[in-house]
Each structure stands twice: as structure tokens, then as C-alpha cells.
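> As a plain string of letters, each chain reads:
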Amino acid sequence: AQSVTQLDSHVSVSEGTPVLLRCNYSSSYSPSLFWYVQHPNKGLQLLLKYTSAATLVKGINGFEAEFKKSETSFHLTKPSAHMSDAAEYFCVVSVYTGGFKTIFGAGTRLFVKA
Amino acid sequence: GAGVSQTPSNKVTEKGKYVELRCDPISGHTALYWYRQSLGQGPEFLIYFQGTGAADDSGLPNDRFFAVRPEGSVSTLKIQRTERGDSAVYLCASSLKGTGRDEQFFGPGTRLTVL
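In order, the protein sequence lines correspond to chains A and B.
Going by my numbering, the first residue of the first sequence is number 1, and it counts up by one from there.
Going by my numbering, the first residue of the second sequence is number 1001, and it counts up by one from there.
Just chain B, with the same shape it has in the complex (with noise of 0.2 angstroms):
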């Protein structure tokens, strides 16, 4: 079956501007995760959804981050005022229930460029 999606595989934006990147879990999940990777370094925990809510938002560096689940299905990552250290890739991932105990599912992340 599909595995977790992530659009756009590549952003290049200028710094100041509004980024949105998408995941598309894989179906049935009710658990979704954002993470954050920089280069040489592991992903960083950036929040949860258990459904349509957060359930731990605590990774979000500042207010130019949201994220939202609204069917909770599909989730987009919201970034404003884009600046150079946000840089990175994106990495979603899903899982069946969010017990803490399930597999993760990754997918190939998105790499965001601020210039």
C-alpha cells in the first residue's frame, strides 16, 4: 500500500517569506509527526497529532511555526517569515495508534532552502 507522502521534495524560498509543507499519512493512521533534520544531526521532534489535536506541540521553536490536522488525515506545517536557520528537512511521519509503542512511518522528508 501507499506509504507517507510528503509535497513538496524540494522548497527553495527567500528569507521573510510563508512556506507550507504537506503530508499525507498513510490511511487508517491516527498518529502524525513532524520532525525536524538538520544536516549531520538526528531528526528533532517538532509535534504530535493524535487525531485532529496536538497532542504535544513543545518542539515548535517559536509562533512562525503551526501545524494543523484538520480531518486528520492530511497535515500541513506552516513556517512565516521564513529565515535562514530554519533550513532543513522536514520529515512527517505516521503511525496506527500513537501509543508511544507503534512504528513510525517516514516519509522521504521535504528539504526547505531559505536563502
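Only chain A is shown next, with the shape it has when bound in the complex (with noise of 0.2 angstroms):
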């Protein structure tokens, strides 16, 4: 069965600092995977996209992420948070099941302290 699990629900972070959101995935297929943020009061955004080149993605806004096929996980990283970055973020598979069927994590909050 295909799955994704965000390790944390909340992450809170101070301006400046790094920022760590967990993601580990199990499909019986190589995934697609991608990390989308959703703003309050706004529509879910790509931020960024695994499709089986290389492993580590940069999308925007200063964020990356490195696919670990051993390790089945897909964290995203920044070097440095910035206030506008405070946000929901959820990590998305795309599976394949005759047509593309996408699961989504259950989220990470990400608060940035001034």
C-alpha cells in the first residue's frame, strides 16, 4: 500500500535558522514525490517536485529537498527561515493505479519566531 507520514505536526523555528520537515513515503512503485504550502487563506502552491532524476530538488523560495530512496524519505530543508515562510506544508505522492491516484501527508505547521 502506498502511504506518505509526516513525522511532525508542528515545527517551530526561529527567524534565521534552519528549517527540517520530516517526510517518509512507502509506494510498491518508484513515486512521484512533491511538497505543496498552503498559506492561510490561500490555495495549496507547488514548492517543489521529485520525478526520478536528481535527488536533490531546489524549488522555490530557498527551499530543497533530497530524495533517499534507502531511507524512503523525502525531508525539506532551508537554510534560513523567513516570516512569510510560516505555513502548512504537506509532502505528496503520486501513485500509480490505472490512472494516478496523489496522497497527501497529514501536514506540518511551521511556526517562525521573530
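I should point out that these hints are in silico values taken from the structure, not numbers from a laboratory.
Backbone N, C-alpha and C fix where the C-beta goes; we use that ideal spot for every residue, glycine too.
Honestly, I wouldn't trust all of these hints.
[As the list claims (entries may be wrong)] Here are the computed lysine-lysine pairs in the DSS-like style, where the Cα-Cα straight-line distance is at most 25 angstroms:
id, chain 1, residue 1, chain 2, residue 2
1, B, K1011, A, K42
2, A, K58, A, K68
3, A, K49, B, K1097
4, A, K58, A, K69
5, B, K1097, A, K58
6, A, K49, A, K101
[As the list claims (entries may be wrong)] Footprint (simulated), chain B over chain A, 3 or more residues, beta carbon under 8 angstroms:
id, segment
7, 11-23
8, 44-54
9, 103-112
Now that you have both chains on their own, put them together as the hints suggest.
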């Protein structure tokens, strides 16, 4: 069965410090993996995606993620948090089931302290 | 250009009533997805269209839920005999090809409240 687990429901960091949001996945097939961000009262927006090319993926706003097949992980990082990064982050896996089914993790709420 | 739009933005209904939620995808996008997001949770997959046909409807919770996309563009999610547990934000997304690798563009959602 395919699934996504986001290991932290909440993460709190100080502005200017690194961000780490953890995601593990389970998939019988070679997956496509995504991170989406949801700001309050705004729609979901793609941050970055992995689709079997380079394992280190760079996204918007300074975020990046590394696909580690041996660890079945796809953790999201950013070297220096900004206040505007405060939002809900979702790790997503796309799996083939005859069509493409998209499975979201439960989300990680990122708080950034001044 | 225009993004994905959803109407209405809010819908309040009474238990047992029928509701329709509409999604207008980005023009030219062949794939369209419906999700349900309950408070504090991630979006839950409901159904995915490739063109006019439902490629995967395994996420529809029961036969009270039905979705159509008759001309391969606009889609309507229909809920019969609504229950209080159906209260959630219903999200629609579209993507260019629906290959599983392409970005999904999300609408703002319809907040459904069943009293």
C-alpha cells in the first residue's frame, strides 16, 4: 500500500535558523514526490517535486528536498527561515493505480518566531 | 492567466439536502482532481478525471458522492442526502497532462457546512 507520513505535526523555528520538515513514504512503485505549501486563506502551491531525475531537488523560496530511496524519505529543508515561511506544508506522493492517485500527508505546521 | 476557480466559495445546507459543487479548471488542462480537506488534516483524494472519464474514483466515500466532467473541462461534484460528517473544504485541482509527475494547480476550495 502507498502512504505518506509526516513525522512532525508542528515545527517551530526562529527566524534565520534552518528548517527541517520530515517526510517518509511507502510505495510499491517508483514514486513521484512533491511538497506543497498552504498559507492561511490561500490555495495550495507547489514548492518542489521529484520525478526520478536528480535526487536533490530545488524549489521556490529557497526550499530544497532530497530523495533518499534507501531511507524512503523526502525531507524538506531551508537554510534560513523567514517569517513569511509560516504555513502548513504537505508531503505528497503520486502513485499509479490504473490512473494516478495523489496521496497527501497529514501536514506539518511551521511556526517562525521573530 | 486565470487559475482554477470553484463555486460557491461557501455552502451551508441542511442534513439530507442535495448539493452541487463546481470546478472550472485551467483551460487546456486534461486532468482534474477532487479532494476533501477536514480541519487539521491533509487533503483526501476523492476522484480524478482524465478528459471526460473518471480514471480513479476509489476515494469517493460512498454512493452519495458522484462527480461528472461531461465536456472535459468544468466538473461538478454532487453529494446526495448530505450528512454532518460531509462538512469540510472541497478542493479541486487541475494539471496539464495528469501523468502523475505534473504540477497540480489548486482552486481556493468550497467550504461545505451541513447543519
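> Would you list, in rising numerical order, the hints stated earlier that this structure does not obey?
The structure conflicts with hint 7 only, although it agrees with all the remaining ones.
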